[in-house]
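Q: Single-letter residue listing:
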Amino acid sequence: MKKVLPVLVLAAIGMLLVLTVAEMPTFGDGQAPAHRGVMDKYLRDSAQDTGAINTIAAIILDYRAYDTLGEATVLFVAVLAVSAALYQGEHHA
Amino acid sequence: MHDMVLEVVNRLLLPFIQLFGMYILFHGHLSPGGGFSGGAVIGASLILYSLTFRFARVKHRLDHDTSVFFEAAGALIYVAIGFVGLFFGYNFLTNRGVFPLGVPGQLWSSGMILIITLALGAKVSGTILSLFQELLEGGSDEHGNP
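Those sequence lines, one after another, are chains R and F. If you read the first sequence in my numbering, its first letter stands for residue 1, the second for the next number, and so on. If you read the second sequence in my numbering, its first letter stands for residue 1, the second for the next number, and so on.
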């Protein structure tokens with residue numbers, strides 16, 4: 001009975017994700033927003049906008065810096081999870 | 001077990017591995033590389049050090065608290081850099097207008113990208129080493145005893 005609520009919450013989240021995927025442009029679509037100007041802007045302006053001549057660094061650490069912060073948080077949570085899984089409690093020792 | 005060949009070879013190799021990791025970190029905005037790959041190289045070198053020189057013997061020099069400290073410090077610096085942008089009236093994690101960009105192509109350029117790369121390097125190497133130590137110790141109680 002206690003498992004009903006987590007299943008419902010997970011189903012709701014999964015529903016949201018599936019709906020989001022359904023809204024995405026189809027694979028290989030030349031008219032997708034990512035293929036209409038963003039790429040040209042990155043290649044043209046990144047050195048001037050960010051001061052980095054490595055365009056990948058300019059994208060992941062400046063234009064998409066918030067996304068990389070999330071990636072760093074994933075690493076943080078991974079260490080937390082391993083810590084929590086291996087924690088043996090105070091009465092064990 | 002005390003393996004002399006392993007220890008001598010690693011004494012010679014480790015500085016070069018770590019220097020290469022620092023090179024990847026410091027040139028993250030100039031050439032392929034960056035925080036994640038450079039941090040992985042440095043973390044691997046620290047794991048090699050722990051494995052070669054017996055983790056228990058070098059524990060006083062490279063303990064779990066140190067790796068966790070570097071990991072948390074990297075994350076904290078990243079978020080703090082983001083708030084510097086807010087402080088000057090721009091968006092979270094703004095680069096242009098807040099940090100001096102310098103001349104593109106030089107080592108000391110690109111403002112916050114270099115700082116975040118170094119923070120990410122500290123964080124990733126701390127994460128790798130900390131995971132290794134957690135698995136090696138097999139978990140510990142609240143006093144740190146295995």
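Read the hints as simulated data drawn from the structure, not as lab findings. Be a bit skeptical, because a hint or two may be false.
Said to hold, decoys possible - Distance ranges between label pairs, derived from CB positions:
hint: 1; chain 1: F; residue 1: 66; chain 2: R; residue 2: 36; range: 54 to 62 Å
hint: 2; chain 1: R; residue 1: 77; chain 2: F; residue 2: 63; range: 18 to 26 Å
hint: 3; chain 1: F; residue 1: 66; chain 2: R; residue 2: 3; range: 48 to 56 Å
hint: 4; chain 1: R; residue 1: 36; chain 2: F; residue 2: 58; range: 32 to 40 Å
Said to hold, decoys possible - Short, incomplete list of chain F residues facing chain R, as computed with Cβ under 8 Å:
hint: 5; residue: 3
hint: 6; residue: 29
hint: 7; residue: 34
hint: 8; residue: 37
hint: 9; residue: 66
hint: 10; residue: 78
hint: 11; residue: 89
hint: 12; residue: 93
hint: 13; residue: 104
hint: 14; residue: 107
hint: 15; residue: 110
hint: 16; residue: 113
hint: 17; residue: 130
hint: 18; residue: 131
Claimed, not checked - These stretches of chain F come out as covered by chain R in the derived footprint (C-beta under 8 Å, 3 or more residues):
hint: 19; segment: 4-10
hint: 20; segment: 114-122
Idealized CB from N, CA, C, for every residue including glycine.
Q: Tell me if the interface restraint on residue 3(F) is satisfied: Cβ within less than 8 Å of some Cβ in chain R.
A: Violated. Min distance 28 Å.
Q: Please verify the coverage claim for the segment 114-122 of chain F: does it have three or more residues whose C-beta sits within 8 Å of some C-beta in chain R?
A: This one holds; 3 residues, not fewer than the three required, reach chain R with a Cβ under 8 Å.
Q: Hint validation: residue 34(F) versus chain R, beta carbon distance must be below 8 Å. Holds or violated?
A: OK, holds: residue 34(F) within 8 Å of chain R, min 6 Å.
Q: Given a cut of 8 Å on the nearest C-beta pair, is the interface hint for residue 78(F) held or broken against chain R?
A: For residue 78(F), the interface hint holds, since the closest Cβ of chain R sits about 6 Å away, which is under 8 Å.
Q: Does the beta carbon distance between residue 66(F) and residue 36(R) stay inside 54 to 62 Å, or does it fall outside?
A: With Cβ atoms ~48 Å apart, the hint is violated.
Q: Given a hinted range of 48 to 56 Å, is it respected by the beta-carbon distance of residue 66(F) and residue 3(R)?
A: This hint is violated: roughly 41 Å between Cβ atoms.
Q: Under the criterion of a CB-CB separation shorter than 8 Å, is residue 110(F) in contact with chain R as hinted?
A: 4 Å, holds
Q: Hold the hint about residue 29(F) up to the distance rule: shortest CB distance to chain R must be less than 8 Å.
A: 4 Å, holds
Q: Against chain R, is residue 104(F) within 8 Å by beta-carbon distance?
A: 4 Å, holds
Q: Hint validation: residue 93(F) versus chain R, beta carbon distance must be below 8 Å. Holds or violated?
A: Residue 93(F) check passes; min Cβ-Cβ to chain R is 4 Å, inside 8 Å.
Q: Any CB of chain R closer than 8 Å to the CB of residue 107(F)?
A: 11 Å, violated
Q: Using 8 Å as the Cβ threshold, decide whether residue 130(F) counts as touching chain R.
A: 5 Å, holds
Figure legend: structure checked against the earlier numbered hints; hints not met, in rising order: 1, 3, 4, 5, 8, 9, 11, 14, 19.
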